Amino acid sequence: MGPLKTPPPVRRIVVDDQPTIVQPPAGSDGAGQATDGASALLSAPRKREGKRGQVRKRMETAELGVQYAGKPAVKGVDLPVNQGEVLALIGPSGCGKTTLLRSLNRLVDQTPTATRTGTIFLDERDVDLEDVTNLRRQVGMVFQQPNPFPMSVFDNVAYGLRERGSRRPSRAALRPAVEEALDRAGLLEEVKDNLTHPALRLSGGQQQRLCIARSLAVGPEVLLLDEPCSALDPRSTAIIEELVMGLRAEIAIVIVTHNLQQAYRVADKVGFMYLGDLVEYGHADQVFGAPKAKRTREYVSGGFG
Amino acid sequence: MSTPATTDSRAASLRRRLQGSKLPKLPRRNRDVLSEEEMVAWPFIDRLGVALAWFCGLLLIAISASIVIYMLVRGIQYVKLDALGHHPVVQSTTTITGTSGGYLDPIEGTLILTTLGTLIALPIGVATAVWLSEYGRPAWLARAVESGVEIVAGTPTIVLAIFGLLIFSKSAFGFLSFTAEGGAVFGRSFFIAGIMMSLIALPLIVGATREALQSIPAHVREASYSLGKDKISTIRRVLIPASRKGIATGTTLGMGRIAGDTAIVVILLGASLTLEKQGSTPVIGTLKGTGSTLTSYVYNNSPAGEGNAPQKAYAAAFILLVIVILMNFVVDLIARKGSDPWAR
Amino acid sequence: MLGALACVVLALIAGMIFFVFQKAWPSFTHNGFAWFSPWAGGNVDDELVHIFESPGEPSQYVYTMHAWPLIYATVLITFCAVVIATAFALLSSMFIVEFAPEGIRRVLEPVVRLLAAVPSVIYGLIGILVIVPFVGNHLVTSGQKDSVAGVIQLNGFSIGVGILILTVMITPIMIAIVVDALRAVPVGWREGSVSLGVNRWRALWTVSVRAARPAIVAAAVLATARALGEAIMLSMVTGSVGFAPNPLDGLIFFYEPGRPLAATIVDNAEGLSVVPFAQTLYAYAAVLLISAGFLSFTGWYIRRRLRRYTLSPI
Chain A
1161 MGPLKTPPPV RRIVVDDQPT IVQPPAGSDG AGQATDGASA LLSAPRKREG KRGQVRKRME
1221 TAELGVQYAG KPAVKGVDLP VNQGEVLALI GPSGCGKTTL LRSLNRLVDQ TPTATRTGTI
1281 FLDERDVDLE DVTNLRRQVG MVFQQPNPFP MSVFDNVAYG LRERGSRRPS RAALRPAVEE
1341 ALDRAGLLEE VKDNLTHPAL RLSGGQQQRL CIARSLAVGP EVLLLDEPCS ALDPRSTAII
1401 EELVMGLRAE IAIVIVTHNL QQAYRVADKV GFMYLGDLVE YGHADQVFGA PKAKRTREYV
1461 SGGFG
Chain B
36 MSTPATTDSR AASLRRRLQG SKLPKLPRRN RDVLSEEEMV AWPFIDRLGV ALAWFCGLLL
96 IAISASIVIY MLVRGIQYVK LDALGHHPVV QSTTTITGTS GGYLDPIEGT LILTTLGTLI
156 ALPIGVATAV WLSEYGRPAW LARAVESGVE IVAGTPTIVL AIFGLLIFSK SAFGFLSFTA
216 EGGAVFGRSF FIAGIMMSLI ALPLIVGATR EALQSIPAHV REASYSLGKD KISTIRRVLI
276 PASRKGIATG TTLGMGRIAG DTAIVVILLG ASLTLEKQGS TPVIGTLKGT GSTLTSYVYN
336 NSPAGEGNAP QKAYAAAFIL LVIVILMNFV VDLIARKGSD PWAR
Chain C
971 MLGALACVVL ALIAGMIFFV FQKAWPSFTH NGFAWFSPWA GGNVDDELVH IFESPGEPSQ
1031 YVYTMHAWPL IYATVLITFC AVVIATAFAL LSSMFIVEFA PEGIRRVLEP VVRLLAAVPS
1091 VIYGLIGILV IVPFVGNHLV TSGQKDSVAG VIQLNGFSIG VGILILTVMI TPIMIAIVVD
1151 ALRAVPVGWR EGSVSLGVNR WRALWTVSVR AARPAIVAAA VLATARALGE AIMLSMVTGS
1211 VGFAPNPLDG LIFFYEPGRP LAATIVDNAE GLSVVPFAQT LYAYAAVLLI SAGFLSFTGW
1271 YIRRRLRRYT LSPI
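Chains as they are written, first to last, in the working numbering: chain A, 1161 to 1465; chain B, 36 to 379; chain C, 971 to 1284.
Hints are not guaranteed to be accurate.
As the list claims (entries may be wrong) - Examples of chain B residues lying across from chain A (beta carbon under 7 Å, computed):
hint, residue
1, 78
2, 80
3, 171
As the list claims (entries may be wrong) - Simulated DEER-style distance windows between Cβ atoms:
hint, chain 1, residue 1, chain 2, residue 2, range
4, B, 76, C, 1077, 14 to 22 Å
5, B, 94, A, 1283, 21 to 29 Å
6, B, 94, A, 1419, 49 to 57 Å
7, B, 158, C, 989, 36 to 44 Å
For the record, the hints were derived by calculation from the structure and aren't laboratory data.
As the structure is a prediction and not an experimental result, all values here were calculated from the model.
Beta carbons: idealized from backbone N, C-alpha and C, even for Gly.
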């Protein structure tokens, strides 16, 4: 997966060897009923066709609630997370989407003032009954600010693999796994000549891809991305978006974004959150093209944000 | 509670599953504290690490509790409140026990010395900090002064003590202590001890003041200059009052260290049990004279010193500990009181 | 004007260094390398007495001093105390930052400040009145006492007690620094490591502690400087013999007395009126000064080396 040169008129997204073509703007107004200004921001109807591999449910939440010192940040959310698709969580600032994301890998537990109600299931098993360390290996997270460790590129990617058991695998044994992870993250070409390069000297986009590679190295089943491109330039953003869409066949992806266009480009399913409630959830076409709730309509057309 | 657009059967199956589970669905308290269940799958060495960390933390508490409790017990046992007001009686070398006086002189000594040392260190320390923070030119001089202060901070007090003796035994400084017949300057007095003590407090005051000054945002200085005030008045009227908290913290820390130091006292205070004045001028005479402080009193009454009266040593140690703890408590109070005035 | 004041401070410090060395110089020149040499032999206490009793004529001053036992005791006590204190402080800091429940943490932080504030003479008092008798009467067996009876007395005044109390004295200083450093590790690294499925101890150790290495070094250097200069407490508990404990004696080694340089100065302070004696003591002080300076430089250098992979611009 190399870097984009220029946005071509037709983008080919290859998933499971089945090309899917997103139609460019065609003048007509797109599938579904016309809605008031719903497509004002969005210039084209999108048709996400083609197989993404099997869509399989990996995680779901049941009446999930999170409170910070008593004040609710997430209220009673039932949300499925499926492999084979990208779930985008959208909503205005403070609506709870990041909190929801961080509860999926139980990272909210690290905040002293946070309490959680409800249940989260990973592959039908209650997440609170299992070892949290294992959960976090299975549910990886990439953060808004790229946070590579102050080590070399190799050590960063190998970190999760090294710190698992009592015996440390040798460097030679780790190398194939590290290179594979870097390859999946689209970074291998750029760093393969010098894996001992200090990670902090990479560019912002490269650092974020390194963080993705680091998370991929431990073999997660779900990958959570918290506004991964908000600190990056458009070119790096495009690279990472393509990356994310490519990964969705093997890994369930949840991406939180405040950028509606990004959600439009990337998502298969969309969850719209407002003040802690999951106001609407459904296929991306439906939420963007024909939103059921008034709030969703307002947000998606840029009425507030 | 809002539900997404899910099919009824899916929601129903969820609820059925929830009802079937035996766990109470109470709000889960934050799991920040590591629990046994969480550690079950960890490698042994990691669990050992956590156990050791716990052990060290609890050991610290145990050690300090024992020190405090032990000193408290001994102190209560031996401190006679009426003795606080009495002067210690000089023991003759033949008798060991006997009714001896109290601790008035050592307490006075500690107070005099702490005050003197702080009074000397405070202006010099603040001035140095101000110079380093607001002027600092030429740069090599600033670095040299910084290194110098650091060297003083790292010098053992015993070295400071004998250096003090070295310098102040020269006849030029005879006015600071007394001169025996034959011209030998005694070189030990409250003045001299106070000067060397100020060197202990100096780095603390300089450090705290510098930090306080550096945390004042630039716009405050700019505002003052734009009102037409020159640098000196800005410093005097704006910056130093704003750094009061930091200066107070550093000063109190310095006072605590001065009160607790023994080496300088033992060498530079002449080791006389009571305050012996030199000359007849009221205050200066005392300061030129010798005496003892609580620290040297404890040292001398322990088996390491001349006397062998552990009871007196315990009593004086208890008083000293109380004073030092009080000072630390004051530092805490100052540090906590008054939120950051620059926070927006 | 302020600059002048700063210069005064500088002058004082420069003067201190100069004068101490000037006074100490004769002692070094008269002994040469034997001052430091481990093979020079001689009994320090006897030598000190001779120096004290040297005749009044400057040309007849006695300077013979083979200070190796003192240097050895100093290095030994300092090294052991700092090593143990570093481990102790690191583990305690990790406990405070990560594993301590809220209630315990709230107790622990004032406790650490308290321990740091206790004057050294009080540590010495408890040492000499409680720990030393305990060691002398209950821990040292009479068999052990007999085995060294010809040379020294094992009565509890020992370097072991000195190391123990010194460790307790320097640990709180280190804890304050290390805790601050651990807390200053960017939250992105902490969250990032935990989100990879690494358990909390491992994450703390491999990321936070690793990032805090410069601070740990700085704390260790500070602690070493403090330990080197500790005169009062050590003079009260390590015994008043300038003896060099022999590690080949086995574990008894820690029960043997010794006396580090700083403590020797305190013990012999009355003799400062005799010129050669004073010069010998200043020689000890000079050694201490050099060590303190050397330590500062080493700490600074190590901290610079460790900055290669961190965020600082150095």
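Results of checking the hints against the structure:
For residue 78 of chain B, the interface hint holds, since its Cβ comes within 7 Å of a Cβ in chain A; the closest pair sits about 4 Å apart. The restraint placing residue 80 of chain B at the interface with chain A holds, with a minimum CB-CB distance near 6 Å, inside the 7 Å limit. The interface hint given for residue 171 of chain B is violated, since its Cβ lies 31 Å from the closest Cβ of chain A, which is over the 7 Å cut-off. Our hint of 14 to 22 Å for residue 76 of chain B and residue 1077 of chain C is violated, since their Cβ atoms are close to 31 Å apart.
Separation of residue 94 of chain B from residue 1283 of chain A is about 43 Å and departs from the stated range, judged on CB atoms against 21 to 29 Å. Distance hint check for residue 94 of chain B and residue 1419 of chain A: the Cβ-Cβ separation is about 52 Å, which falls inside the suggested range of 49 to 57 Å. Between residue 158 of chain B and residue 989 of chain C the CB atoms are about 25 Å apart, so this pair departs from the stated range of 36 to 44 Å.
Comparing the model with each earlier hint shows violations of hints 3, 4, 5 and 7; every other hint is respected.
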